[in-house]
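Residues per chain, in single letters:
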Amino acid sequence: MIDQRNFTYMFYGFAAAWVIVTIYVGFLALREGRLRDELERVRRMVEDSGKKN
Amino acid sequence: MRNKLVFVLCLLAAGILCWQLYNVLLNLPNEKDQGAIYRIVYFHVPAIFTGFIGFFIALGASGMYLGTRNLKYDAFAAAVTEVSLTFATIVLATGMIWGRIIWGIWWTWDARLTTMLVCWLIYAGYLMLRRAIDEPTQRARLSAVVSIFGCTDIMIVWKSIEWWRTQHPAPVLSVRDGGGMAPGMESPIYWNWLALMCLAAVLVIIRMRQENMSREIDSLRRMAHSY
Amino acid sequence: MPGDERALEIDRVSKYYGHFPALRDIQLKIEAGSTLALLGRNGAGKTTLLRILAGLSKPSEGTVRVGGSDVREEKTRRRIGVLGHGISLYDELSAIENLKIFATLYGYADPGKRAGEWLERVGLDRVRDGLVREFSRGMRQRLAVARAFLHDPEILLFDEPFTALDDRAIAVLQGLLNGAHSAGRTIIMSTHQLREALVLATHVALIQRGQLAYTGERTQEMLDDPAYLYRTYGEN
Amino acid sequence: MGKTSVGSFLSSTVAIASKDLRSEFRTKEALNASFAFSVVILVLFSFAFDPSSEQLQTISGGLLWVVFSFAGALILNRSFARELQNDCLDALISSPAPTGALFLGKAIANFVLLMIVELASLGVFALFYDSRFGAQLLPIALVIALGTWGITVIGTMFSALTVNLRMREMMLPTLVYPLLIPALMAAMTLTTDLMSGTPIGKDNTIWLRVLIGFDFIYSILSVVFIDVVLVG
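Protein chains in written order, with my numbering: chain X, 23 to 75; chain E, 122 to 348; chain B, 112 to 347; chain L, 930 to 1161.
Just chain X, with the same shape it has in the complex:
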């Protein structure tokens, strides 16, 4: 049976590792969304200024 001493702290340690990875993945996802929006916007901007000329 698993040792009960310090079990909660072991759990915190594992959780910390996974929380950090999750935060990073969330951060990547946010940036992905922001970049896609921006790319779309800038593409439209280039098309517009191309038309004007």
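Hints listed in this document are in silico derivations from the structure and should not be mistaken for laboratory results. Wrong hints could be hidden among the right ones.
Unchecked claim - In silico EDC-like cross-links for lysine to aspartate or glutamate, where the CA-CA straight-line distance does not exceed 16 Å: (1) B:Lys169 x B:Glu184; (2) B:Lys140 x B:Glu116; (3) B:Lys169 x B:Glu185; (4) L:Lys957 x B:Asp181; (5) B:Lys169 x B:Asp136; (6) B:Lys224 x B:Asp263; (7) B:Lys169 x L:Asp1059; (8) B:Lys186 x B:Glu203; (9) B:Lys169 x B:Glu142; (10) B:Lys169 x E:Asp231; (11) B:Lys140 x B:Glu328; (12) L:Lys957 x B:Glu203.
Given chain X, put chains E, B and L in place with the hints provided.
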């Protein structure tokens, strides 16, 4: 093709991690002094390996960029550094939690801890520098130089504190000193390392794609202004 | 050919900012003794090209050579003089100190003598020990011109030379440019001031969106109607 | 040919260094600011610790180097920024002087300026904290010189690297201080030892080696990479 690779690597990482989590929690014997907390080592050590390998790969990629001036290498270096920094953060966090129980303190100015912290600070600076430069070619050039300076520094720190006070457990793996952990207790470290490398590869691929996208945004913006 | 030894050759030069091509495939040979007016809109790439010619930035592709050696080589840089937007002088130093530094960097054995001569030529010898900070705008500009001509360069690069200058400095500069031209120096200048530039120029190059749209000798038509080039070779 | 190019390298280095020093001595802006700042920090530290206690001996090295590296940031921030004012940097780069000479000239000027500030604040330190370093004066001077060269080499390089950036003043310390850790660590340990009367010997020669190695490695790296930073 690339998506398929990401998917496979994800699956592989998840599979190994679940299997090893089960293994670590339920199959491994208890350690006589430390209690359950020693199991943190199965994340701590693989994260160290992954992080440090990443920083050295970033050094290589930065050198390759300066040699070839191909922005592909710059995107790679940036992605690897950022992902490695995430793993360095994991190392520090898990290490501090372990230290709180075993040493009774969150932090100590020990050789290995200090190296990791210096490493963290240097590469955080690297990422901040990247954000402060708009022009992609200039950014690539300058951050490659910073990466080379930073990696050199870590090697100097590492060498210089080998003679310094050390409180950190000596490396426990058998490859280093032919002893330490029992063979059955050691293998999860390697398995988890493999899993974390797969995870890191996935993150690097995604991050690199973003780097390329932001470069494209930059060039489109310049194009819009030039008309 | 003896002329070739001194010609400036721009061979398939491109410059990218990320993926954006600021200069694309510029191919141009500037014969020794010619005066080239580099024309184009803001952001067309004139300054980028001049910076590459001056060795201030490296092309992403292609080479720039003078007499067969790259512009970043030490001996080539000795043959090039640059005057950019800024005056490139130190405010806290005196006129003579400023020129002496550059004379030293250009390897003159007696930098003080060289600096003194040039102060005389631009009419600043009476204020040789005055700090540049205290100089009037015109005096600063004349000193800047002296700084650029100090090492008697074969190739002179000017970025918008007339824009910031006052009348007297324009007169000094035009005098020096004429002198340099008749002494067989190569002059390359980028400018908005079409008329002034075209009067001096023997050749013209028009850059449009990073590409060379036109290059050739300056013709009478251009003098009569400075906008002619833009109308004929421009995109709109 | 070899001899003349070494000669021109040296004369360019000297020209750049003396130009920087001359214009700084004329305005004394960076010198004054940096010295005033050091004195303020020294005074502030006296509230943090009991200046007369035994404890001070063990932290004096650390305290001094914290002051020195803060003072250094003020001087180094100005180093390449000074060249931006009238586009002077362009004129220097397009001149035949090698970029390595340019770097070394500026590094030497910064070294001299920083040493002046350091010696002055060392005097203030001795006054406020009643320190005596007479016995170990020469080794202390050596350690200070080596540590300062470390700060200036890294600082000058990153001053060049950050010169065209927005937020230059913030980026420079963020990048420079982590890199300086091994040099500062060595200098702090050695200074503390020397101040408390322990000469450089068996136990701490290792730190001297670290300091010398740091200076040597980064001097070489900087001269090699300065061209990439300034030109491309």
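Verification of the hints:
1. B:Lys169 x B:Glu184: Measuring from Cα to Cα gives roughly 12 Å; hence the hint holds.
2. B:Lys140 x B:Glu116: holds (12 Å)
3. B:Lys169 x B:Glu185: holds (15 Å)
4. L:Lys957 x B:Asp181: violated (40 Å)
5. B:Lys169 x B:Asp136: Since the Cα atoms of Lys169 (chain B) and Asp136 (chain B) sit roughly 14 Å apart, the hinted pair holds (cutoff 16 Å).
6. B:Lys224 x B:Asp263: Holds. Lys224 (chain B) to Asp263 (chain B) sits at ~14 Å (cutoff 16 Å).
7. B:Lys169 x L:Asp1059: violated (56 Å)
8. B:Lys186 x B:Glu203: violated (30 Å)
9. B:Lys169 x B:Glu142: Violated: Lys169 (chain B) and Glu142 (chain B) sit about 22 Å apart, past 16 Å.
10. B:Lys169 x E:Asp231: violated (45 Å)
11. B:Lys140 x B:Glu328: Measuring from Cα to Cα gives roughly 12 Å; hence the hint holds.
12. L:Lys957 x B:Glu203: holds (11 Å)
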